[in-house]
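> These are the residues of each chain, in order.
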Amino acid sequence: MIAFVIRRLLQSVLVMLTVAFISFALFRYVGDPVLIMLGQDFTQAQYDTLVSELGLDQPFYLQFAKFIVAALQGEFGISYRLARPVAQLIMERLPATLELSLVAAILALCIGVPMGVYTGLHRESWLSRFFLTISLIGVSLPTFLIGILLILIFAVQFGVLPSFGRGDVVKFGTWSSGFLTTSGLKALVLPAVTLSLFQLTLIMRLVRSEMLEVLRTDYIKFARARGLTNRAVHFGHALKNTLVPVITITGLQIGGIIAFAIVTETVFQWPGMGLLFIQSVNNADVPVMAAYLLLVGFFFVAINLVVDLLYYVVDPRLRVDRGAASGH
Amino acid sequence: MADTPILEVKNLRVEFPTRRGTLVAVDDISFSIAPGEVLGVVGESGAGKSMTGAAVIGLLEPPGRIAGGSISLAGRRIDNLPYEEMRKVRGREIGAIFQDPLTSLNPLYTIGRQLTETILTHLPVSQAEAQARAVDLLRQVGIPAADKRIEHYPHQFSGGMRQRVVIALALAANPKLIIADEPTTALDVSIQAQIIALIKKLCREHGAAVMLVTHDMGVIAETADRVAVMYAGRIAEIGPVRDVIKAAKHPYTDGLMASIPKVGRTDARLAQIDGAMPRLNAIPRGCAFNPRCGRAFDRCRVDRPEPLAAGASQVACWLYDTAKGDTP
Ligand SMILES: Nc1ncnc2c1ncn2[C@@H]1O[C@H](COP(=O)(O)OP(=O)(O)OP(=O)(O)O)[C@@H](O)[C@H]1O
Ligand code: SF4
Ligand SMILES: [Mg+2]
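Protein sequence lines, in the order shown, are assigned to chains Z and D. Each residue of the first sequence is one higher than the one before, counting from 1 in the working numbering. Each residue of the second sequence is one higher than the one before, counting from 329 in the working numbering.
Please note: incorrect hints may appear among the correct ones.
[Said to hold, decoys possible] Some chain D residues near chain Z, calculated using beta-carbon distances under 10 Å:
no., residue
1, 428
2, 446
3, 453
4, 455
5, 484
6, 569
It is worth saying that the hints were derived from the structure and are not from the lab. Keep in mind that this is a model prediction, so the values were computed, not measured. Glycine is no exception: its CB is placed at the ideal position from the N, C-alpha and C atoms.
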């Protein structure tokens with residue numbers, strides 16, 4: 001178990017280093033940071049001083065090392081566009097994105113899994129067919145279109161939900177939460193639904209096909225032959241065996257949700273990291289882009305790590321084999 | 329009523345509706361098993377042995393269905409029970425042993441959990457009593473250190489050991505009938521005899537009758553009290569093991585026995601007779617065996633032979649129709 005965790009951790013560190021390198025390369029070599037900082041008027045002497053002050057004349061591996069040390073301390077430089085520390089900007093925006101992603105992920109799981117189980121168990125029922133048809137729409141319509149449609153219906157037509165922004169937030173230190181105010185919760189509905197729809201249908205279809213697969217296995221037939229109740233067979237035996245693939249995909253999807261939030265945040269003007277990122281791209285605000293890349297990379301790696309550990313919890317075959325298979 | 333058979337199958341017919349017409353996998357078969365008796369069932373692949381077993385235990389896979397006849401367990405009809413009633417019969421009154429022990433057990437649960445779950449489903453005992461019974465069952469099937477092994481997962485056991493666990497599961501609620509469908513086919517040759525001996529011994533101790541489907545005439549000779557020979561969804565011959573093996577009456581059985589070098593050898597398997605068993609959609613008129621039968625006469629190509637008494641056996645062959653004296 002410990003060896004497994006350490007191996008996974010080492011792998012994660014490697015991946016993070018790779019992402020950090022890309023992020024560093026972006027930061028260092030896309031555009032000339034010195035030029036951007038100096039503005040229009042400067043002398044060669046000024047330029048050279050700044051280069052050595054920033055350490056840009058040092059060998060690249062030293063610069064990379066410094067970049068990593070700084071990143072570990074949450075130092076990502078100064079935003080070109082807003083002239084404020086990048087770390088501060090991101091910390092302001094992070095809660096909005098995480099809250100949105102969390103709610104979207106919970107929606108996708110809590111609705112997607114039961115729908116998948118239902119459609120897997122009742123293949124022929126009209127409700128299953130209905131879910132499957134609906135899910136086709138979910139997969140094929142692009143996110144921004146769904147967002148705009150929802151805005152048209154619920155914000156413009158009926159005026160029941162806000163179409164942009166985050167509503168009122170409550171501050172806890174550096175964290176701002178929209179969970180505790182009515183306007184915050186109302187503002188969350190449309191973006192969360194939009195963001196979750198794609199993942200929801202994906203999870204539903206995945207759980208369904210896994211259920212169908214598992215229901216055909218011998219151990220399910222044997223469980224029935226032992227006279228177990230349908231409930232025990234379906235939920236105790238079948239559903240649990242679908243969990244490994246479902247955890248994998250769901251893990252990837254949660255990473256995807258955080259990344260895809262860019263589109264949803266843009267449509268709903270949601271003040272999160274995604275929106276910040278888009279604005280930075282438009283203004284070639286490289287430090288912010290580099291930091292965003294690093295952060296999203298970190299989320300992906302962290303989620304993957306959790307997924308691996310969950311496998312370990314779910315599937316005994318992966319655990320260290322203490323009582324190895326014995327003879328006949 | 330010691331004379332009531334534990335299982336009585338009358339005129340059972342199993343159909344598979346398909347696009348290209350209805351296939352009859354089991355066609356009008358009747359047999360019974362007395363309490364504690366071992367009935368061997370042999371026949372070529374596709375003869376309908378597994379379908380018969382599945383029909384008895386109420387687990388025919390749709391679209392397969394019982395299209396006629398009746399199945400009675402200890403005098404009570406079970407072929408028309410509602411799902412929930414039949415579920416209570418499975419495991420409690422009829423146990424099953426499947427072919428492949430590697431896939432019969434749910435990989436995600438300990439064998440102890442699978443045993444106690446089966447016991448608690450059917451018997452009014454406490455968790456602790458179920459646990460004790462589970463350990464006891466494992467001991468009975470010859471698993472060393474049963475009280476420790478009960479905590480182990482299926483992948484921690486060898487194939488032979490897993491089949492022992494499957495046998496323990498089949499016997500968990502003390503059923504009066506065990507259906508064992510080729511219980512050793514998937515096992516290493518060196519342990520097949522042990523497993524068969526174990527099934528026979530335990531079923532005797534538990535007072536359970538057995539319907540033993542196998543390709544192995546050696547196993548039949550050593551284990552069964554009576555044997556049914558199936559051909560193209562019908563029973564060709566059924567009778568006491570000694571009669572059928574030493575003095576086969578039906579020309580098909582005769583051919584089967586002749587093709588075995590030495591009865592009693594465990595490696596003696598069914599060898600081919602000239603020609604092949606007809607496919608379900610091309611069963612010939614009259615006697616299904618007539619194209620391959622060396623003794624066929626006109627009537628065989630027109631009328632289907634009913635089971636006819638011949639000594640202690642029943643034989644579906646016009647050669648034994650003494651009433652009409654219509655033999656060539
Ligand atoms: N889903 C299905 N649809 C149509 N026909 C089927 C289906 N399942 C089985 N059959 C047919 O039913 C017949 C009986 O099959 P069964 O499994 O009972 O044979 P068996 O005697 O057990 O053979 P084996 O020795 O290979 O196990 C076979 O001819 C098979 O082709
Ligand atoms: S009924 Fe006729 S064809 Fe069929 S086995 Fe008997 S003799 Fe052969
Ligand atoms: Mg079979």
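> Determine for every hint whether it applies to the structure shown.
Evaluated hints:
1. 428: Interface hint status for residue 428 of chain D: holds (6 Å vs cutoff 10 Å).
2. 446: At 5 Å from the nearest chain Z Cβ, residue 446 of chain D passes the 10 Å test, so the hint holds.
3. 453: violated, 15 Å
4. 455: Since chain Z brings no Cβ nearer than about 15 Å to residue 455 of chain D, farther than 10 Å, the hint is violated.
5. 484: Holds. Min distance 5 Å.
6. 569: Interface hint status for residue 569 of chain D: violated (26 Å vs cutoff 10 Å).
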